[in-house]
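Okay, here's what each chain looks like letter by letter:
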Amino acid sequence: MTEKKIIRTPLTDKVIGGLKAGDLVYLSGRVYTARDAAHQRLVTMIKAGQRPPFDFAGQIVYYAGPCPAKPGQIIGPVGPTTSGRMDAFSPLLIDLGLKAMIGKGSRSQAVVEAIVRNQGVYLAAIGGAAALMSQCVRQVELIAFEDLGTEAIRRLTLEMMPVVVAIDGQGRDVYRRTPCQVRR
Amino acid sequence: MREIPCALITTAISEMCVSANCLLAGDIRRALAEAHKREDSPLGREVLATLLANAEVAADRMIPICQDTGMAVVFIEMGQEVHITGGSLVEAVNLGVARGYAQGYLRKSVVRDPVRRENTGDNTPAVIHCQIVVGDQLKVTVAPKGFGSENMSALKMLKPAQGLDGVKEFILDTVAAAGPNPCPPIIVGAGVGGTMEMAALMAKQALLRPVGEIHPDPFWGEVESELLAAANRLDIGPAGFGGRTTVLAVHINVYPTHIAGLPVAVNIGCHVTRHAERVL
Numbered sequence: 078m079t080e081k082k083i084i085r086t087p088l089t090d091k092v093i094g095g096l097k098a099g100d101l102v103y104l105s106g107r108v109y110t111a112r113d114a115a116h117q118r119l120v121t122m123i124k125a126g127q128r129p130p131f132d133f134a135g136q137i138v139y140y141a142g143p144c145p146a147k148p149g150q151i152i153g154p155v156g157p158t159t160s161g162r163m164d165a166f167s168p169l170l171i172d173l174g175l176k177a178m179i180g181k182g183s184r185s186q187a188v189v190e191a192i193v194r195n196q197g198v199y200l201a202a203i204g205g206a207a208a209l210m211s212q213c214v215r216q217v218e219l220i221a222f223e224d225l226g227t228e229a230i231r232r233l234t235l236e237m238m239p240v241v242v243a244i245d246g247q248g249r250d251v252y253r254r255t256p257c258q259v260r261r
Numbered sequence: 058m059r060e061i062p063c064a065l066i067t068t069a070i071s072e073m074c075v076s077a078n079c080l081l082a083g084d085i086r087r088a089l090a091e092a093h094k095r096e097d098s099p100l101g102r103e104v105l106a107t108l109l110a111n112a113e114v115a116a117d118r119m120i121p122i123c124q125d126t127g128m129a130v131v132f133i134e135m136g137q138e139v140h141i142t143g144g145s146l147v148e149a150v151n152l153g154v155a156r157g158y159a160q161g162y163l164r165k166s167v168v169r170d171p172v173r174r175e176n177t178g179d180n181t182p183a184v185i186h187c188q189i190v191v192g193d194q195l196k197v198t199v200a201p202k203g204f205g206s207e208n209m210s211a212l213k214m215l216k217p218a219q220g221l222d223g224v225k226e227f228i229l230d231t232v233a234a235a236g237p238n239p240c241p242p243i244i245v246g247a248g249v250g251g252t253m254e255m256a257a258l259m260a261k262q263a264l265l266r267p268v269g270e271i272h273p274d275p276f277w278g279e280v281e282s283e284l285l286a287a288a289n290r291l292d293i294g295p296a297g298f299g300g301r302t303t304v305l306a307v308h309i310n311v312y313p314t315h316i317a318g319l320p321v322a323v324n325i326g327c328h329v330t331r332h333a334e335r336v337l
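Read top to bottom, the protein sequences are chains A and B.
The first sequence begins at 78 in this note's numbering and counts up one residue at a time.
The second sequence begins at 58 in this note's numbering and counts up one residue at a time.
With a straight-line cut-off of 27 Å between C-alpha atoms, the simulated DSS-like cross-links for lysine-lysine are:
#1 A:Lys81 / B:Lys94
#2 A:Lys147 / B:Lys165
#3 B:Lys225 / B:Lys213
#4 B:Lys196 / B:Lys165
#5 A:Lys82 / B:Lys94
#6 A:Lys97 / A:Lys81
#7 A:Lys91 / A:Lys81
#8 A:Lys82 / A:Lys97
It should be emphasised that the hints constitute simulated quantities derived from the structure, not laboratory data.
Here chain A stands alone, though its shape is the one from the complex (with noise of 0.2 Å):
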């Protein structure tokens, strides 16, 4: 932890290749928040021909459904939920062109191989910590499905958001270590 590594969006192959499992990093940049409710009408959408509502190619999906926001403030608390609950899905977005993940918790072995195969990574933000991740948010877009109420699609330009790099783009997994090997 000596200083602090900023990474910007859109995330690079350059970026994404100099990032390594267990890295706590700072997230700058635009990102869309997308959940349980959301990714299921996504890949419906797609496997019926039909167009995404955002051109996901290239952009990072953060698995959030934020608590409305205060009078005065743009947004509630907004930390990560569990992302293995997207693993079903992810596999084709990323296909598709989907570059990044944030979320909470390990993914399946089809996600890990989505992402090596595409040159992705899937950041972790730390669970729980929703108060101070939405002072990192500066802006806030309802993008998709207004009628899914948290669960609705939105895009947050974040400033400076802590993460930690959960899957690399070679397939190193924070989750997975041997015992003690990314702390040590």
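Go by the hints and put chain B onto chain A.
Below, chain B alone, put in the same frame as chain A:
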């Protein structure tokens, strides 16, 4: 008979939904601070420091600690000398939940049907557990439960021959299988004995016990501390990034059971494990 009006219950529930979600309980805060001192993984220390800073921001601004403000689990211990006036107890509780989640800008996370999944829009209904006790008071506990941790919970009907070793193994296996998903460091609530639903209910209630308080029966107190030490050797660590802080406390509640059975339920609580209580 002592009369307690529904409106009083509604107001109390609504205020507790907000306070439980925005103010980290003192016992958990202290446990996190202690863990931060002991943790030797650099990333783990960073995570614990972040969680403590997060709790401060939440309290200062009265915003939720976590965006998952949970499904409202409400425990009511109602004295048998109490008479509820002015409406239905269940409606009073649900009105309190709806009001608290609206006024506190809390997330509405409840769907009407588990398969068809349409959001109810006001976080109702609550899950209500009511028990009749002696006295003329009404004790209300609001424990909003997040599902990152709820999803990692488990129940098993063991054979009596599996005994204490079987109980310990199942609890530890459940913590290990949960891994990074339930937002460690976690609180482990276990219910041992009773019937299937009784074990699950005891596990939930065990999460409400203050961290640092051990089981009054020294036998079970010893099991709790043994499991705590064993779980913290799993190297799951804060946020699952490795380290010695995986579990803040193991709480076990027990109840007599049938000659043929040994039910064990494990309910996992995240590092927030929200709860607020009030006696009316």
